[in-house]
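Turn these sequences into a full structure, and let the hints guide you.
Heads up: the protein sequence lines correspond to chains A and B, in order.
Just so you know, we're using this note's numbering here: the first sequence kicks off at 298 and counts up by one.
Just so you know, we're using this note's numbering here: the second sequence kicks off at 220 and counts up by one.
Think of the hints as simulated: they come from the structure by calculation, not from any bench.
It should be emphasised that the depicted structure is a prediction, and the values quoted were computed from it without experimental measurement.
Here a beta-carbon is modelled for each residue, glycine too, at the ideal position from N, C-alpha and C.
Any given hint might turn out to be false.
List of simulated lysine-lysine pairs, DSSO-like, C-alpha gap at most 27 Å [said to hold, decoys possible]:
#	chain 1	residue 1	chain 2	residue 2
1	A	K326	B	K528
2	B	K507	B	K259
3	A	K326	B	K431
4	A	K326	B	K428
Derived CB-CB ranges, DEER-like [claimed, not checked]:
#	chain 1	residue 1	chain 2	residue 2	range
5	B	L301	A	L388	49 to 59 Å
6	B	P551	A	G327	42 to 52 Å
7	B	K537	A	I379	41 to 51 Å
8	A	G333	B	P286	55 to 65 Å
9	B	L506	A	I386	43 to 53 Å
10	A	D369	B	G466	39 to 49 Å
11	B	W532	A	F316	15 to 25 Å
12	B	P551	A	K340	26 to 36 Å
13	B	S427	A	S395	44 to 54 Å
14	A	D369	B	V468	44 to 54 Å
15	B	I246	A	E390	51 to 61 Å
16	B	V467	A	K397	41 to 51 Å
17	A	L388	B	Q562	42 to 52 Å
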Amino acid sequence: MTVWEGILVAIFCISMVFFVLIGLSLLIKGFSFILGIFSSQMKQDTTPVPAQSETVLENELSLGILKLKDVDEPTAAMIMAIVSDESGIPLSELCFKSIKLLRQD
Amino acid sequence: MFIEALHEIWKTSGFMALTWQHVVMIIVACVLIYLAIVKKFEPLLLLPIAFGVLLANLPLAGLMAEPASASEAGGLLYYLYLGVKKGIYPSLIFLGIGAMTDFGPLIARPSSLLLGAGAQFGICIAFVVAVALGFAPEEAASIAIIGGADGPTAIFLTTRLAPELLPAIAIAAYSYMALIPMIQPPIMKALTTKKEREIEMSQLREVSKLEKICFPIVVTIVCVLLLPSVAPLIGMLMLGNLFRESGVVERLSNTAQNALINIVTIFLGVTVGATAVAENFLRPETLKIIGLGLMAFIFSTVGGLLLGKLMCWLTKGKINPLIGSAGVSAVPMAARVAQIEGQKANPANFLLMHAMGPNVAGVIGSAVAAGILLSLFG
Chain A
298 MTVWEGILVA
308 IFCISMVFFV
318 LIGLSLLIKG
328 FSFILGIFSS
338 QMKQDTTPVP
348 AQSETVLENE
358 LSLGILKLKD
368 VDEPTAAMIM
378 AIVSDESGIP
388 LSELCFKSIK
398 LLRQD
Chain B
220 MFIEALHEIW
230 KTSGFMALTW
240 QHVVMIIVAC
250 VLIYLAIVKK
260 FEPLLLLPIA
270 FGVLLANLPL
280 AGLMAEPASA
290 SEAGGLLYYL
300 YLGVKKGIYP
310 SLIFLGIGAM
320 TDFGPLIARP
330 SSLLLGAGAQ
340 FGICIAFVVA
350 VALGFAPEEA
360 ASIAIIGGAD
370 GPTAIFLTTR
380 LAPELLPAIA
390 IAAYSYMALI
400 PMIQPPIMKA
410 LTTKKEREIE
420 MSQLREVSKL
430 EKICFPIVVT
440 IVCVLLLPSV
450 APLIGMLMLG
460 NLFRESGVVE
470 RLSNTAQNAL
480 INIVTIFLGV
490 TVGATAVAEN
500 FLRPETLKII
510 GLGLMAFIFS
520 TVGGLLLGKL
530 MCWLTKGKIN
540 PLIGSAGVSA
550 VPMAARVAQI
560 EGQKANPANF
570 LLMHAMGPNV
580 AGVIGSAVAA
590 GILLSLFG
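Next comes the structure, spelled out in structure tokens:
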């Protein structure tokens with residue numbers, strides 16, 4: 298095999314790799330989209346209409362009352378987001394009881 | 220009589236058959252054992268490989284000897300090596316890898332597959348250079364696949380295209396995978412600006428269980444229909460992943476990702492190492508293969524990073540180009556290196572999950588590249 302033939306083979310090979318993986322990524326996007334529609338429809342079908350107002354729903358989803366001590370809300374939100382990101386647990390599944398500033402005296 | 224017996228034992232011992240080539244190979248084996256134990260260079264594989272090298276180079280042991288006749292038994296490693304020769308072990312290792320891998324980050328951001336494709340660039344460069352250096356196309360393809368940074372894939376392809384090069388290619392592939400934390404960072408720094416490395420990426424969306432279950436089925440159907448030669452690798456990888464994600468065969472999933480992969484790793488490592496006998500290994504070609512492997516690895520990293528930069532530019536700075544370097548398979552070490560480098564530039568940067576997408580895409584990418592090369596030269 299000459300070097301030129303080698304270059305042609307290499308170009309063909311990388312093109313095929315891109316072709317297959319681009320195809321796969323489009324396919325994943327496609328099935329994620331379809332499954333998203335499907336699962337949202339399933340949720341709509343199975344979730345009973347709440348008899349109470351939205352505030353009741355919010356209360357049901359609430360994971361408790363968070364006590365902040367010497368910490369402002371943006372900082373607390375950032376801490377919760379970091380904990381969620383680092384632990385890989387979605388925020389909706391985490392329960393924070395209190396966040397307080399520790400001072401070194 | 221006693222002295223005669225001692226003399227006879229001495230005459231039939233391995234010491235009498237020892238040549239300088241054997242001694243060199245025993246030293247090579249000891250260096251590899253040192254690197255595995257002391258330096259912890261990919262010890263799970265390097266240690267059995269190194270011990271296999273040692274066993275195969277002790278003369279008269281005959282561990283890799285073929286049976287002389289149908290009634291006689293061959294060496295122990297000869298029979299174990301059949302699993303490598305027939306492509307069984309790499310596929311079983313892929314089963315375990317599939318059971319251990321979470322494809323969630325890839326499903327959440329499918330564009331990661333492009334980075335996995337870009338990181339196969341080194342395979343192409345190494346192939347051309349190997350052809351220019353006079354290697355046959357089958358040999359060049361086997362050497363080039365080192366750039367995929369995927370040991371089982373490299374072994375799978377080499378056993379089919381150029382089995383005589385297996386020891387050098389396997390040792391080079393696993394050594395470079397172990398050296399990722401040293402090879403990649405300088406290239407990452409050279410090809411990216413500090414501003415690019417500082418980019419914080421937004422959190423990935425949550426992937427539903429249904430998507431995770433559908434993923435291995437869809438990938439298997441598409442890849443195997445398109446490239447039937449890749450069926451043993453992709454098929455097993457996705458079967459392992461389906462075990463994991465389905466949640467109904469926990470015992471099988473646990474076996475695949477623990478006991479099975481460990482047993483196969485022992486057999487694969489020892490027998491691959493045992494093919495490195497002095498006559499095959501101590502050749503100028505081995506040095507060329509080691510050099511070409513390093514080049515393939517470097518260019519694969521470059522390819523991933525350049526594509527990462529392109530995606531960074533196209534998304535107006537939403538993608539940190541460092542995650543492109545994780546497109547070389549080497550799961551999860553390449554992703555960890557991207558995380559470390561990202562955090563060095565910006566301590567608030569958490570790239571690990573973002574880098575896992577290209578990282579697992581690289582596994583698929585290198586298997587696809589191997590399938591293409593096998594279709595062309597197999």
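Here is what the structure says about each hint:
Taking the CA atoms of A:K326 and B:K528, the gap is about 22 Å. The hint holds against a cut of 27 Å. Our distance criterion of 27 Å between C-alpha atoms is met by B:K507 and B:K259, whose separation comes to about 25 Å. About 13 Å separates the Cα atoms of A:K326 and B:K431, which keeps this hinted pair within 27 Å; it holds. Distance restraint check for A:K326 and B:K428: the Cα-Cα separation of roughly 15 Å lies within the 27 Å cut-off, and the hinted pair is therefore satisfied.
At about 52 Å, the CB distance of B:L301 to A:L388 agrees with the hint of 49 to 59 Å. Evaluation of the 42 to 52 Å hint for B:P551 and A:G327 yields a failure: the beta carbon distance comes to about 28 Å. The hint said 41 to 51 Å for the Cβ distance between B:K537 and A:I379, and at roughly 20 Å that hint is violated. Between A:G333 and B:P286 the C-beta distance comes to about 59 Å, which sits within the given range of 55 to 65 Å.
Take B:L506 and A:I386: their Cβ atoms lie about 50 Å apart, and the range 43 to 53 Å holds. Between A:D369 and B:G466 the C-beta distance comes to about 41 Å, which sits within the given range of 39 to 49 Å. Between B:W532 and A:F316 the Cβ separation comes to about 23 Å, which falls inside the hinted range of 15 to 25 Å. The beta-carbon spacing between B:P551 and A:K340, approximately 34 Å, falls within the hinted interval of 26 to 36 Å.
Remark: the range hint 44 to 54 Å for B:S427 to A:S395 is contradicted by a beta-carbon distance near 32 Å. Hint check: A:D369 to B:V468, Cβ distance near 48 Å, so the stated range 44 to 54 Å holds. For the pair B:I246 and A:E390, the beta carbons lie near 55 Å from each other, so the given range of 51 to 61 Å is met. For the hinted restraint 41 to 51 Å between B:V467 and A:K397, the CB-CB distance of approximately 44 Å keeps it satisfied.
The hinted window of 42 to 52 Å between A:L388 and B:Q562 is violated, with their beta carbons roughly 22 Å apart.
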